[in-house]
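Residue numbers (our numbering), protein chains in the order written: chain A, 1 to 112; chain B, 1 to 114.
You may find that some hints are simply not true.
Stated by the list, open to error - Some chain B residues close to chain A (C-beta under 10 Å, calculated; not the full set):
hint	residue
1	C89
2	T103
3	I112
Think of the hints as simulated: they come from the structure by calculation, not from any bench.
Values in this document were obtained by computation on a predicted structure and should not be read as measured data.
Beta carbons: idealized from backbone N, C-alpha and C, even for Gly.
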Amino acid sequence: DAGVTQSPTHLIKTRGQQVTLRCSPKSGHDTVSWYQQALGQGPQFIFQYYEEEERQRGNFPDRFSGHQFPNYSSELNVNALLLGDSALYLCASSLMWGHIQYFGAGTRLSVL
Amino acid sequence: SQELEQSPQSLIVQEGKNLTINCTSSKTLYGLYWYKQKYGEGLIFLMMLQKGGEEKSHEKITAKLDEKKQQSSLHITASQPSHAGIYLCGADMNSGGGADGLTFGKGTHLIIQP
C-alpha cells in the first residue's frame, strides 16, 4: 500500500516565478493538508482540501493556492515566488473523521 | 509567541539512558500528535492522544496528555541510536471535530551518543 507521495522531490526556481507541487494521498484517504517547513522550524499549516474544496486555511497570502481532484490528489501552487518561500513543503493525507495525518517525504523548494 | 512550546530545543543523551520531551500549550488541546522527523525528510507518525490523562506506549516510547489537556510529554526508555532525530508535537486546537490543520512546535533535536 503506497503511502503519501509527493513530486517533485527538489525544485529550484527564481524570484517572481510560479511553482506547482503535487501530492497523491494514502490509499483510501479523502483529505489533503499542506504545510510549509522552514529550516529549523516546525511545519506551518497552509490549507486543507476536502471534497475538492478548501476547508481550512492558515495564515498564508493568496499567492498560495491549491486544488483537489476527484481522485483526491492535490496540487499546491505558489505565484510570484519570494526568497522567503524557500522551504520544505509537506503534504499530509487523512480521513476527514480519522484525525491522524500521514505525511509525505516533502518537496524541497529553493528560490534564488 | 509560539502557540505550542517544546522543550528542550535539543538534547544529547548517552545510549541506554532515559529522556523526556515536553510540549506545552496555553490553549486546550483537542488532539495531540507526536511525530518523528529525520533531517529534511517527512514526518513519521508516532502517537495520538485525545483524552485528558491518556497515556500510550509503543515499544520504548510513552506519551502522556495531562488532565487539563494543555501539556504532553514523550518519554523514551533505554535510548538507542535509532531514536535520534527531530521530535515534533502537533496539536489540533479546534473543537469542531474532523481532521483539522495542525499547529506544530519547533521540534526537539535528539542526539544519541554511543
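Each hint tested on the structure:
1. C89: Since chain A brings a Cβ to about 9 Å from C89(B), closer than 10 Å, the hint holds.
2. T103: Since the shortest Cβ distance to chain A is 7 Å, the answer is holds.
3. I112: Check failed: Cβ of I112(B) comes no nearer than 20 Å to chain A, outside 10 Å.
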